[in-house]
Amino acid sequence: MAAALTTLAAISSATAQSPPPKPLFQIVTQNLPLPVAGQRYSVALKAIGGQLPYHWSIQDPTLLPPGLFFDAQRAVIFGRPQSNHEFSVLVQVSDSSQPALTVSKLLVAASGAPLTVTWTANPEVQSTNIVGAVKVSNGSKDTVDTTVIVVAVNETGKAFALRYERLNLPPGTESPDLKFNNNVPSGQYSVHVDAVGEVAAKNAIYRDRRQVDGLAVQ
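Numbered per this note's numbering, the sequence shown spans residues 1 to 218.
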């Protein structure tokens, strides 16, 4: 009996000390935000698992709308789109294991994207204040734990927080207008809003970003 208990204790100890299993190598970016003509667009692709560094590519970069480009080193789709049209691209990522693991995923930019940021009042200067408003829409089928941050960045790179919000968005809903009206020092500003949403049960992260440049505060 004592021997059996000793064996069970040894097995339990070994199990407790075993490292957790590594996550499956996969692309966790779910979809892409719909582009807005003339507004800066920047979406970072994300993968988990495998062995770093990752090596990203897009099967046919010509499928990106005019004005958008892909930076394979940073895994970022960026630019200033010329239209609001929907699009889709097949992205591929390989890890650095030997032999390398490779996964592909079709990403769609459409009005039903999981997380979409919209300016409901474009940022503008009123006296020495920057004012505006945004809203965030959840086009997914899950409740998304969402963080929204609006900042103004001046010509020296100094950032001023204009709005911070943390909220849970049920499926198919949108936030109220998230207004901001903040005094900032004189300078040239870019205002950008970043929304990050998480569905922990699916290990899914959604992101969207909008930016407006050329705001001068006297």
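Source of the hints: derived by calculation from the structure; they are not laboratory data.
Idealized CB from N, CA, C, for every residue including glycine.
It cannot be assumed that every hint is accurate.
As the list claims (entries may be wrong) - Simulated pairs of lysine-lysine, DSSO-like, Cα-Cα distance not exceeding 30 Å:
1) LYS135 <-> LYS105
2) LYS141 <-> LYS158
3) LYS179 <-> LYS105
4) LYS158 <-> LYS202
5) LYS158 <-> LYS105
6) LYS135 <-> LYS158
What the hints assert, rightly or not - Quick list of simulated restraints, FRET-style, between CB atoms:
7) GLN211 <-> ALA110: 14 to 22 Å
8) VAL131 <-> ASP194: 17 to 25 Å
9) PRO176 <-> GLN211: 18 to 26 Å
10) LEU167 <-> ASP71: 48 to 56 Å
11) GLU86 <-> ASN181: 44 to 52 Å
12) GLN73 <-> ASN181: 12 to 20 Å
13) ASN181 <-> LYS22: 30 to 38 Å
14) LYS22 <-> LYS179: 28 to 36 Å
15) GLY187 <-> ILE48: 37 to 45 Å
16) GLN73 <-> PRO23: 46 to 54 Å
17) ASN181 <-> GLN51: 24 to 32 Å
Evaluation of the provided hints:
no. : hint                          : result
1   : LYS135 <-> LYS105             : holds, 28 Å
2   : LYS141 <-> LYS158             : violated, 38 Å
3   : LYS179 <-> LYS105             : violated, 36 Å
4   : LYS158 <-> LYS202             : violated, 36 Å
5   : LYS158 <-> LYS105             : violated, 37 Å
6   : LYS135 <-> LYS158             : holds, 25 Å
7   : GLN211 <-> ALA110: 14 to 22 Å : holds, 21 Å
8   : VAL131 <-> ASP194: 17 to 25 Å : holds, 19 Å
9   : PRO176 <-> GLN211: 18 to 26 Å : holds, 22 Å
10  : LEU167 <-> ASP71: 48 to 56 Å  : violated, 31 Å
11  : GLU86 <-> ASN181: 44 to 52 Å  : violated, 34 Å
12  : GLN73 <-> ASN181: 12 to 20 Å  : violated, 39 Å
13  : ASN181 <-> LYS22: 30 to 38 Å  : violated, 47 Å
14  : LYS22 <-> LYS179: 28 to 36 Å  : violated, 44 Å
15  : GLY187 <-> ILE48: 37 to 45 Å  : holds, 39 Å
16  : GLN73 <-> PRO23: 46 to 54 Å   : violated, 23 Å
17  : ASN181 <-> GLN51: 24 to 32 Å  : violated, 48 Å
Checked against the numbered hints given earlier, the structure breaks hints 2, 3, 4, 5, 10, 11, 12, 13, 14, 16 and 17 and satisfies all the rest.
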